[in-house]
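For the sequence shown, UniProt numbering gives the first residue as 1, with consecutive numbering after it.
Be careful, since some hints might not be right.
Below, simulated DSSO-like cross-link-like pairs (lysine-lysine); rule was C-alpha separation at most 27 Å, straight line [to be verified]: (1) Lys17 <-> Lys31; (2) Lys17 <-> Lys60; (3) Lys89 <-> Lys60; (4) Lys67 <-> Lys89; (5) Lys31 <-> Lys60; (6) Lys31 <-> Lys67; (7) Lys17 <-> Lys67; (8) Lys17 <-> Lys89.
Label-pair ranges, simulated between beta-carbon atoms [what the hints assert, rightly or not]: (9) Asp26 <-> Val4: 29 to 37 Å; (10) Leu22 <-> Lys2: 40 to 48 Å; (11) Asn35 <-> Lys2: 43 to 51 Å; (12) Leu82 <-> Gly41: 17 to 25 Å; (13) Val4 <-> Arg32: 41 to 49 Å; (14) Arg73 <-> Ser50: 17 to 25 Å; (15) Leu40 <-> Ser9: 18 to 26 Å; (16) Arg73 <-> Asp26: 22 to 30 Å; (17) Phe53 <-> Met1: 36 to 44 Å; (18) Trp3 <-> Asp29: 34 to 42 Å.
For the record, the hints were derived by calculation from the structure and aren't laboratory data. Just so it is clear, the structure is predicted and the values come from calculations on it, not from any experiment. Virtual Cβ for every residue (Gly too), placed ideally from N, Cα, C.
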Amino acid sequence: MKWVGPIISSGVYFYQKRNSGLSLADLEDLKRVRNVGAVLGNAEHTYLDSQGFTNLSTDKPQLQSLKMLSYGRVDVAPMSELVMPFWQKQPISI
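Build the full structure now, drawing on both the sequences and the hints.
What follows is the structure, encoded as structure tokens:
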């Protein structure tokens, strides 16, 4: 068996609540929001931490970041474009 290339690729996007009023164009804009939700130890958390983000709000389960976004406890949450459609179908209970 010979590996010939990637099987799948996925981008990470920063999701925000509809009608949040935030205008985000780059990482510097993200540094100015109140809280960015990220999964502790995840690739997104590691990257943002290495870029000097001091406004990270971390949780363990990925669904918790979406709950925090839904409840307004964080302004933005990074999520893989492949994972987000799955999480959108899950009920968010209080």
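At the C-beta level, are phenylalanine 53 and methionine 1 separated by a distance inside 36 to 44 Å?
For phenylalanine 53 and methionine 1 the Cβ distance comes to about 40 Å; the hint holds.
Holds or violated: are the alpha carbons of lysine 17 and lysine 60 at most 27 Å from each other?
Status holds; Cα separation ~21 Å.
For the pair supplied as a hint, lysine 67 and lysine 89, is the alpha-carbon distance within the 27 Å limit?
holds (13 Å)
Range first: 22 to 30 Å. Now tell me if the beta carbons of arginine 73 and aspartate 26 are that far apart.
At 24 Å between Cβs, range holds.
Hint check: lysine 17 vs lysine 67, CA-CA at most 27 Å. Holds or violated?
holds (11 Å)
Does lysine 60 lie within 27 Å of lysine 31 when you go C-alpha to C-alpha?
holds (21 Å)
Lying within 43 to 51 Å: is that true of the beta-carbon distance asparagine 35 to lysine 2?
holds (46 Å)
Does lysine 89 sit within 27 Å of lysine 17, going by the straight-line distance between their CA atoms?
holds (16 Å)
Please test the hint of 34 to 42 Å on the beta carbon pair from tryptophan 3 and aspartate 29.
holds (38 Å)
Kindly confirm whether 40 to 48 Å is satisfied by the beta carbon distance between leucine 22 and lysine 2.
46 Å Cβ-Cβ, so the 40 to 48 Å window holds.
Is the Cα-Cα distance between lysine 89 and lysine 60 27 Å or less?
The hint holds at about 20 Å.
Lysine 31 paired with lysine 67 [C-alpha distance capped at 27 Å]
holds (21 Å)
No hint from the list above goes unmet by this structure.
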